[in-house]
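All chains, please: the whole structure from these sequences, using the hints.
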Amino acid sequence: MRVNGGCPPLPRPLSLGGRGERSELLRNIIGLENIMAEEEKKFERGTQLSIFVSDRFEDVGALIAACLIAFGVLLYIGK
Amino acid sequence: MVYTHRSPALLIIGIVILAWGWLNQSGTADGLQAWLHPGAYKEQKQDADKHQAAEKAAADKAAAEGKPAPEAKAMKPGKFDGVKQGQANFAYIFGGIFSVIGLLILAVRPKEGHLDYYISIFPGMAFILSIAFVVRWGLDPMFANWGKAAQPTLGWNFATILNLNYVVLGIVIGMIVVNVLRIPAWAGNGVRTARFFLKTGVVLLGTLYSAAELAQLGALSVVMIGVFVLGSVWLVLLAGPRINATNSMTGVLSAGVGVCGVSAAVAASPVVNAKAVDIAFTLGTILLWGVLCMFIFPTVGHLLDMGPVQFGAWAGTGILNSAQVAGAALAFDPNGIQTLKVAEIFNITRVLFLPLIVVWLAAWYVKREAGAQKVDLGKVLVAKFPVFVLGFIGLFILSSMGMFAPAGHYQGKYFSSTEIKEDKLLKEKDLAALQAALPKVAKPEDNKALQDLIANKKLDTRDQDNLLRGVAKMEGLDKGAKDALGNAHKAAWHDSKIIRAYRDWIAWLFAFGLTGLGMQITVASIKQAGGKPLIIGSIVGLIKALGSLVVVLLFVREFV
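Quick note, the sequences are listed as chains A and B, same order.
Residue numbering for the first sequence follows this note's numbering, beginning at 1 and increasing consecutively.
Residue numbering for the second sequence follows this note's numbering, beginning at 1001 and increasing consecutively.
Just so you know, not all the hints are guaranteed correct.
[Claimed, not checked] Which chain B residues face chain A? A few, computed with CB under 7 Å, are given here: (1) Tyr1117; (2) Arg1192; (3) Val1203.
I should point out that these hints are in silico values taken from the structure, not numbers from a laboratory.
For each residue, glycine too, the CB sits at the ideal point set by N, CA and C.
And the structure:
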């Protein structure tokens, strides 16, 4: 899944000191951005493709939802 | 981690959906709706004109008699009003929910926790649902109209044949969104609900099938279709791993190629944990192959001088997708119903194999994913079997037992002689037309069926209906008799309201799920998948088409 956005780019400091110091700082910023982007990709809950913690949970959820719809419609409309 | 993005997007989507509801209810969108639903609009307008004329006549009569004008009666809402009211209700419910939650998101700073997680799902769901609305309420009827309009010029309905319905359109629009516009960050979490809704739709699909329908079909069609459906699935499952196709891709393709094309592929996709790109490739293969078959089959049929029954059996077995089965049958025999009828019987038979295939694929996938080492299939099944399949089977069994609609129904239509209303019995004019047609019906069983119809003024059995549907297409029969047979058929077949409601639910769940899945198909993932499904699908499709042709030529002439 491709999700645009994620964390906003970090603001660049106006002055970054000397040449060597600047490139190290830039590397750090880029590294930090990468780490944050990686973190954003991982879901602390659910999986990449699901909001549920596992496929089994998703299956059971779908089963319950479908049964609720099936019997709800049966009660509402009748046979 | 805080999941909810404080964006006004959900509130804006909610307001737009609410506005659509109001436009429908107030009649402001009538012009657009009349363009999208010309049939329903025309029908309602005719009814309104009739109603107005009756009112005027009653008023004139009262005036002539010197009585006060009778009170004007309100007209019953027609199909067109039903479409608008349905959309308005839907829009008010979902627009209202989205607006309230959208306001909540803007007003309250989200804090890490359960509430934040569940709230973060709504903007993405609203995003998908708004696209699904456009697809189901706009694009689907629009393409259907264009298909019908172009039919006289093209000679075929391109929207039906190319399956340009909400299933395919949902995926395509989802793909366009992700590849051209990209999914906004606030919608990311909601997009992950797509598979859940697809699974819910698959479970509910069990209500549409009935095992009792199999009993109505001929033994030959069941055996022949069974062999080809199961054989095709088996061939794909055998070929897939040999050319290093993934298990999920192989599983979806086997259902699509084996059973009935698009709907089977969609139903099987969550069973084998299919990625969105697996479904897209399978649908592409089935549609491409199906369209090719639709043009090639009738030509081959005429070259081999096949009869209508033979061709119907071949098309119903060999062509992968249901829409193209009907297209090929009509292309072969545009005026007769026999070819179409046989093709549809064979087509229905293979659809009824879907529950069996779903269970087979679930077991196959679990075993394959467990690895090459020897596994205890029982243990693996308990641990990994997709539980929602049990729901599908459960509802299928309940449906077969007649829990939701009469047990013999097929996708909500059922035959019942006892439920024919008094005003639907054949009129004197119909009976006279049928009486006049009686000497022209030479076959004794057809003649007997027609005599029974005249005596009872209605159809008594499904066999009688089947025989008389053939008679209705007989050459030399006058229009009055054909109309009378058509009326008798219509009166005996009933729509199950509950099954119609289930179909509507399933359509929405699929539209939502497939639009969301389409949003997971990037150009990069398509490149990664390569052309393997097309190779396997084409090989197995060809074997199926040639194999069924041989069987039909050898056996069908004698036995059907």
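*Hint numbers not upheld by this structure, sorted from lowest to highest*: Every hint satisfied by this model.
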